[in-house]
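Under my numbering, the first residue of the sequence shown is numbered 477, with each subsequent residue one higher.
Since the hints were made in silico from the structure, they are not lab data.
Because the structure is a prediction, the values reported are computed rather than measured.
A portion of the hints provided could be inaccurate.
Unchecked claim - Straight-line C-alpha distance at most 25 Å; calculated DSS-like pairs for lysine-lysine:
no. : residue 1 : residue 2
1   : K535      : K483
2   : K624      : K530
3   : K624      : K535
4   : K537      : K483
5   : K749      : K728
6   : K599      : K483
7   : K624      : K735
8   : K720      : K604
9   : K598      : K726
10  : K659      : K735
11  : K599      : K721
12  : K721      : K665
13  : K624      : K659
14  : K598      : K665
15  : K604      : K728
16  : K659      : K598
17  : K737      : K749
18  : K665      : K728
19  : K624      : K599
20  : K665      : K749
21  : K483      : K598
22  : K497      : K535
23  : K728      : K598
24  : K537      : K624
25  : K737      : K624
26  : K665      : K735
27  : K497      : K537
28  : K749      : K735
29  : K598      : K624
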Amino acid sequence: MPLNSYKILFVINPFSGNQNKPDWEDEIRNYFLNSEHTIYFFHLSSQQNENSIKEEIFKIKPQRVIAVGGDGTVTTVAKSVMGTDIAMGILPAGSANGMARELEIPMDEHEAMELIIKGEIKKTDMVKVNDEMSLHLSDVGMNAELIKYFSEGNRRGKWGYARVLLKVLVKRSYLQVFVETEKMIVQRKALVVIIANASKYGFGAVINPDGNLHDGLFEVVVVRRLAVSELFKMWFRPQPFNRKKIEIYKAKSVKIEMKHKAHFQVDGEYLGKVDHVSARILPGILQLILPSVTEPVK
């Protein structure tokens, strides 16, 4: 194998994206047809997880592993390679591709494939949230409830979110929470409490303007009040929330206790109801392929 060539494993989620999505395996084969790199494919099924990917990695021993899917696929692949020297890339193939947009990875498939070889490898943080691993955003409260209804429905995209958003708004309720980081303890009434490694939700809603995946910290975002108009702006006209209605705390670890059980999600996966959440940062645990930049990616 030439010195500058790589073994590249593409982990494809065939369930990601919409009906007009490309045939990703064909697109990738065509792109690398005359390349010095050796490519492999692993198609996820509904029963497979990071352990299945780890088994494939053990057999192939690739230098790069690429997540071909949406945010859930990205997190699954990240869990498979974290703590290793394997570089992870992303080909955005989901409906929203929130993590790829966060990282400024091109939505054009050919530009994204070019980045796999020419991009900059940067150490990236992850967060352990209860027993789960998070690269993006986790939360308890109203947004997790929204994800629950959205996952149970059959409509996707912003209009699908709008439909379930109305349902959540009708029965909106507040949480009584205790939040403890290494530097402070507060008691609050809140709609949502977010453990934010990144800055924005999938469709671009900026919930954590200070989000940085490479600084060894995450933010705890306590959303205390939120007008209906702001909720719609969250999905349809992405922009930062009103800071007067939220509190943001930087942390390396946090414990969140709720008086009553609340809906809980990690990186877009609904995980039921919980009465407590604990999280801690895992700095630089992931080698991520990113666009070359002079400033930290936010």
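A quick look at each hint next to the structure:
With a C-alpha separation of about 12 Å, the suggested pair K535 and K483 falls inside the 25 Å cut-off, and the hint holds. Straight-line distance between C-alpha atoms of K624 and K530 comes to about 28 Å, which puts the hinted pair past the 25 Å bound. Note on K624 and K535: the hinted pairing is violated, with a Cα-Cα distance of about 36 Å set against a maximum of 25 Å. Using a Cα cut-off of 25 Å, the hinted pair K537 and K483 holds, with the two alpha carbons roughly 8 Å apart.
This hinted pair checks out: K749 and K728 have alpha carbons roughly 24 Å apart, not beyond 25 Å. The hinted pair formed by K599 and K483 meets the criterion: a straight-line CA distance of about 20 Å does not exceed 25 Å. Among the hinted pairs, K624 with K735 is consistent with the structure: their alpha-carbon atoms are about 21 Å apart, no more than 25 Å. Of the pairs offered as hints, the one joining K720 and K604 is violated, with about 29 Å between alpha carbons and a cut-off of 25 Å exceeded.
In summary, the hint linking K598 to K726 is supported, as the alpha carbons are separated by about 21 Å, within the 25 Å threshold. Distance restraint check for K659 and K735: the Cα-Cα separation of roughly 22 Å lies within the 25 Å cut-off, and the hinted pair is therefore satisfied. Between K599 and K721 the CA atoms are separated by roughly 33 Å; this puts the pair beyond 25 Å, and the hint is violated. The hinted pair formed by K721 and K665 meets the criterion: a straight-line CA distance of about 12 Å does not exceed 25 Å.
Simply put, K624 and K659 have alpha-carbon atoms about 32 Å apart, too far for the 25 Å limit, and the pair is violated. Distance hint between K598 and K665 is unfulfilled; the C-alpha atoms sit about 38 Å from each other, more than 25 Å. The straight-line distance between the Cα atoms of K604 and K728 is roughly 11 Å, inside the 25 Å bound, and the hint therefore holds. Taking the CA atoms of K659 and K598, the gap is about 28 Å. The hint is violated against a cut of 25 Å.
Using a Cα cut-off of 25 Å, the hinted pair K737 and K749 holds, with the two alpha carbons roughly 6 Å apart. Between K665 and K728 the alpha-carbon distance is near 23 Å, which keeps this suggested pair within the 25 Å criterion. Under the criterion of a C-alpha separation no larger than 25 Å, the hint pairing K624 with K599 is inconsistent with the structure, at around 32 Å. A threshold of 25 Å between alpha carbons decides the hint, and for K665 with K749 the separation of about 18 Å falls inside it, so the pair holds.
Using a Cα cut-off of 25 Å, the hinted pair K483 and K598 holds, with the two alpha carbons roughly 19 Å apart. Annotation: proposed proximity of K497 to K535 is violated, straight-line Cα distance about 29 Å (limit 25 Å). Pair hint K728 plus K598 holds up; C-alpha atoms about 20 Å apart against a cutoff of 25 Å. Our distance criterion of 25 Å between C-alpha atoms is broken by K537 and K624, whose separation comes to about 37 Å.
About 15 Å separates the Cα atoms of K737 and K624, which keeps this hinted pair within 25 Å; it holds. For the proposed pair K665 and K735, the alpha carbon gap of about 10 Å is at most 25 Å, so the pair holds. This hinted pair does not check out: K497 and K537 have alpha carbons roughly 29 Å apart, beyond 25 Å. For the suggested pair K749 and K735, the alpha carbons sit about 12 Å apart, so the restraint of at most 25 Å is met.
For the proposed pair K598 and K624, the alpha carbon gap of about 33 Å is over 25 Å, so the pair is violated.
Hints 2, 3, 8, 11, 13, 14, 16, 19, 22, 24, 27 and 29 from the earlier list are contradicted by this structure; the remaining hints agree with it.
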